[in-house]
Amino acid sequence: SQQGEEDPQALSIQEGENATMNCSYKTSINNLQWYRQNSGRGLVHLILIRSNEREKHSGRLRVTLDTSKKSSSLLITASRAADTASYFCVPNQAGTALIFGKGTTLSVSS
Amino acid sequence: DTGVSQNPRHKITKRGQNVTFRCDPISEHNRLYWYRQTLGQGPEFLTYFQNEAQLEKSRLLSDRFSAERPKGSFSTLEIQRTEQGDSAMYLCASSLAQGASNTEAFFGQGTRLTVV
Chain E
164 SQQGEEDPQA
174 LSIQEGENAT
184 MNCSYKTSIN
194 NLQWYRQNSG
204 RGLVHLILIR
214 SNEREKHSGR
224 LRVTLDTSKK
234 SSSLLITASR
244 AADTASYFCV
254 PNQAGTALIF
264 GKGTTLSVSS
Chain S
-4 DTGVSQNPRH
6 KITKRGQNVT
16 FRCDPISEHN
26 RLYWYRQTLG
36 QGPEFLTYFQ
46 NEAQLEKSRL
56 LSDRFSAERP
66 KGSFSTLEIQ
76 RTEQGDSAMY
86 LCASSLAQGA
96 SNTEAFFGQG
106 TRLTVV
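Same order as they appear, the protein sequences are chains E and S.
Just so you know, we're using the working numbering here: the first sequence kicks off at 164 and counts up by one.
Just so you know, we're using the working numbering here: the second sequence kicks off at -4 and counts up by one.
In isolation and in its complexed conformation, chain S is listed as follows (with noise of 0.2 Å):
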């Protein structure tokens, strides 16, 4: 296992056009996250799902944020009509619940999206 991959690693895009990020967790975790991070701040929460439920989804950032985890596997978050400033790093993270606990989650390298 090679960890939690995120593809791309970088992406460039016009401002008004939609971008979607991939994320795939270790494979036997049942836990993914996702989070926007900018210079000097910690990550920002923006949801997360248990398998294939999305567990929370308050704290995405607007209606043009949206993710999916299908089949319980692999994760994609998507925004719409971006804005320069969802120019960002958007990292995902995976981890095994062990019921309702949290244990150590997992990042990948992030994607990083600049908008112009």
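Next comes chain E alone, as it looks inside the complex (with noise of 0.2 Å):
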């Protein structure tokens, strides 16, 4: 099992600004998975994307995933103060278990 590395550790925004998270991890994959995480919703789900997928959109959520760096990034675009959470990105091996990292905590003020 291995955890990612989350970039930066913590990142404050105005609202209507976009966001931008990256994630590190070190070996091969099959998918990676972004997690949310606050105070009034717990942990949340956010997106998958397998390995053989480039890019993933939900809503105002874009995901990257780059194979061949090793990493991934989630971009929240025009932010908005419920989008004040930490974020959890966790790259996945077949038969292996969900291991988080320390998150990038995103503040996102009116």
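The hints are simulated quantities; they were obtained by calculation from the structure and are not laboratory data.
It is possible that some hints are incorrect.
Some but not every residue of chain S turned toward chain E, in silico, with C-beta under 10 Å [said to hold, decoys possible]:
#1 -3
#2 3
#3 32
#4 37
#5 38
#6 40
#7 60
#8 97
#9 98
#10 104
Using N, Cα and C, we set each Cβ at its ideal position, and we do this for glycine too.
Build the complex from these two chains, which are given one at a time in their own frames, with help from the hints.
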């Protein structure tokens, strides 16, 4: 099992701005998942991108995956105060557990 | 289906006592995970099951920690002889593994343990 390393550790932006978080990992994966955790809704799955995919969208979220660089990014467009949360990337190999890193803490102020 | 359910939501215990937490996963999910989380940290993986088989338990924090999933449905996490350092949020998650691959995991609201 491996964990992702999110960067930056903390990010502060204004409402309406875009937020970009990056993730690096060490060994080959089957898929990579992004999760969000805030005090109100607990830990929630956002998006899963498979190793043969390069980009995926879900609403205001855009995830990219570069398996040659072993990295992923999560872009949140037009941020809202409700996006304030910690974001975790979870690189996943077949037959292994889901391991979480320290995450990126995003603060969106109005 | 109401999602992943954890009980109790809060537990206060005296140091040295044993505690047991229960997790009821989403009914068709074959994988079940346990994590511990302290303030400002990400969820720390403890153990996981595929059906009733415990696939990894090397990351359980000490031999005071044990987990079971006897019929491949609900699971329990027991901590014996609790210590103040065990105070944390204990999270359970479930997922439907397709072959060996993990799909999205759904988390419960957690059990907050306070050891006094």
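Results of checking the hints against the structure:
1. -3: violated (14 Å)
2. 3: Hint violated; residue 3/S Cβ to chain E Cβ min 16 Å, cut 10 Å.
3. 32: holds (9 Å)
4. 37: Result: holds, 4 Å to nearest chain E Cβ.
5. 38: Holds - the Cβ of residue 38/S comes within 10 Å of chain E, reaching about 5 Å at its closest.
6. 40: Because about 5 Å separates residue 40/S from the closest Cβ in chain E, which is inside the 10 Å limit, the hint holds.
7. 60: Not OK, violated: residue 60/S not within 10 Å of chain E, min 15 Å.
8. 97: Interface hint status for residue 97/S: holds (5 Å vs cutoff 10 Å).
9. 98: This interface hint holds because 7 Å falls under the 10 Å limit.
10. 104: Since chain E brings a Cβ to about 5 Å from residue 104/S, closer than 10 Å, the hint holds.
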